[in-house]
Amino acid sequence: MTAATAPARDTGKRSPDPAPPADPGRLAQQRARRRKRIISVAFVLPALLLLGALVVYPVLFSIGRSFFDAGGTRFVGGGNYAEVFRDPATLQAIRNSAIWIVVAPTLLTGLGLILAVLVEKVRWATAFKLLLFLPMAVSFLAAGIIFRLAYDENPDKGVLNAAVVGVHDTFKDAASYPSARARDGQGLTKRGDGSYTTSDAVSPGGTALLGLVGVAPKDLPPEAGPALPAASRQAAGTEVRGVVYLDFTPGGGGVRGEVDKAEKGLPGLSVEALRDGETVGRATTADDGSFRFADLGPGSYTLRLPAANFAPPYEGVSWLGPALVTPAIIGAYLWIWTGFAMVLIGAGLSSLPRETLEAARMDGAGEWQVFRRITVPLLAPTLTVVFVTLVINVLKVFDLVYIIAPGPVQEDATVLATQMWLVSFGGGNDQGLGSALGVLLLLLVVPAMVFNVRRFRRSQS
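Residue numbers (the numbering used here): 1 to 461.
One thing to keep in mind: the hints can contain errors.
As the list claims (entries may be wrong) - For lysine to aspartate or glutamate, the following EDC-like pairs were computed, each having C-alpha atoms within a straight-line distance of at most 16 Å:
1. K157 <-> E315
2. K190 <-> E272
3. K261 <-> D276
4. K172 <-> E315
5. K121 <-> E367
It should be emphasised that the hints constitute simulated quantities derived from the structure, not laboratory data.
All chains should be built: construct the whole structure from the sequences, respecting the hints.
And the structure:
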């Protein structure tokens with residue numbers, strides 16, 4: 001047997017099986033998924049870069065900076081966080097922030113719920129919603145300027161005080177001559193309560209000339225007449241007569257303490273007759289300034305011009321004073337955000353099952369019972385989302401507080417956001433403490449944000 005014809009020996013090794021041919025459709029799907037992933041990353045990458053540069057990096061930097069002193073060179077550990085709860089101004093900011101968190105979201109959610117329910121029964125509901133939502137289009141800066149002017153204490157500038165003064169003066173007369181005063185040494189003495197009394201006693205049958213100054217001729221009432229005829233009248237034996245006049249002659253030439261021809265009486269003044277310190281008679285001056293006490297018994301009397309004649313005019317309420325500045329700013333915040341709460345709650349209200357409400361009415365439930373026992377429980381998820389969203393927004397409020405509160409009461413109105421800015425850049429120049437306040441504010445906001453996100457995901461699922 002030759003080598004050419006010998007059978008091949010089995011060595012135990014086999015050649016590998018050829019690879020199955022690739023599925024063209026599967027390869028195409030893989031390439032498509034890879035391309036979509038690349039495109040998604042390309043679109044998301046700019047946002048991620050911005051988020052990292054504008055949010056993540058500042059947060060991490062602020063956390064690190066909060067452990068250093070004002071200059072940023074010395075490590076102080078938790079010293080800045082301890083200072084947060086020792087500094088009186090920071091504690092005031094925490095108290096004010098707590099007031100904001102409790103009051104503003106609660107009032108806004110309640111107002112939004114009431115308005116959303118009422119708007120459903122209004123014929124022009126869309127127009128009404130538009131009017132209430134319009135303040136959301138106004139920036140906080142512009143709204144702060146508007147309310148700073150509205151809260152101005154001067155009634156000629158502040159619309160709120162103009163209304164308050166108008167109502168007050170409707171029910172209570174204003175002082176007749178707030179700027180009037182007596183000349184020294186001319187027969188009238190000023191008392192501690194602001195009233196004026198005659199230095200010399202007057203007996204029945206006598207007259208009294210009570211001259212005042214400090215009233216501009218242009219400020220005299222139009223009915224004020226010449227005082228000279230009234231001063232020339234003689235009193236009867238049982239009466240005391242007198243005249244209250246402006247002891248000032250326009251253009252000069254008059255005599256102090258005497259009624260001159262060109263001098264006017266002061267109408268509308270209250271005059272009292274006193275005997276042994278007790279008031280025995282009251283009178284009001286006529287157009288020529290004259291007054292008269294009749295049927296007086298024998299004896300000596302002192303005449304008094306009560307302090308009410310000279311009281312300063314009512315100026316209204318000090319809206320931006322230390323006591324009311326925080327409620328006033330919260331009022332401005334309500335004006336801006338009420339429409340937002342109403343629209344969100346109205347959207348939830350429109351999705352309620354109407355058959356449930358109608359069934360309750362058919363069973364005899366009144367509107368209040370339907371609202372309290374059916375509408376509010378069904379709206380609870382929406383109300384919770386609105387409330388938590390407003391809490392997040394309230395924690396960050398800055399513009400309104402900084403603009404509306406005047407400088408002298410800025411510390412009384414400060415909240416965490418404004419205090420953080422004031423400590424860091426507004427004169428404190430302590431960016432370590434300011435960073436600690438920023439971290440504290442972040443820790444307060446994050447739980448509310450997480451709660452809202454989880455609630456949103458549950459509602460979506």
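Structure-based check of all given hints:
Between K157 and E315 the alpha-carbon distance is near 11 Å, which keeps this suggested pair within the 16 Å criterion. A C-alpha spacing of about 15 Å is found between K190 and E272, which places the hinted pair at or below 16 Å, so the restraint holds. Proximity of K261 to D276 is assessed by CA-CA distance (about 35 Å); at most 16 Å being required, the pair is judged violated. Our distance criterion of 16 Å between C-alpha atoms is met by K172 and E315, whose separation comes to about 13 Å.
With a CA separation close to 12 Å, the supplied pair K121 and E367 stays within the 16 Å bound.
Checked against the numbered hints listed earlier, the structure breaks hint 3 alone; every other hint is satisfied.
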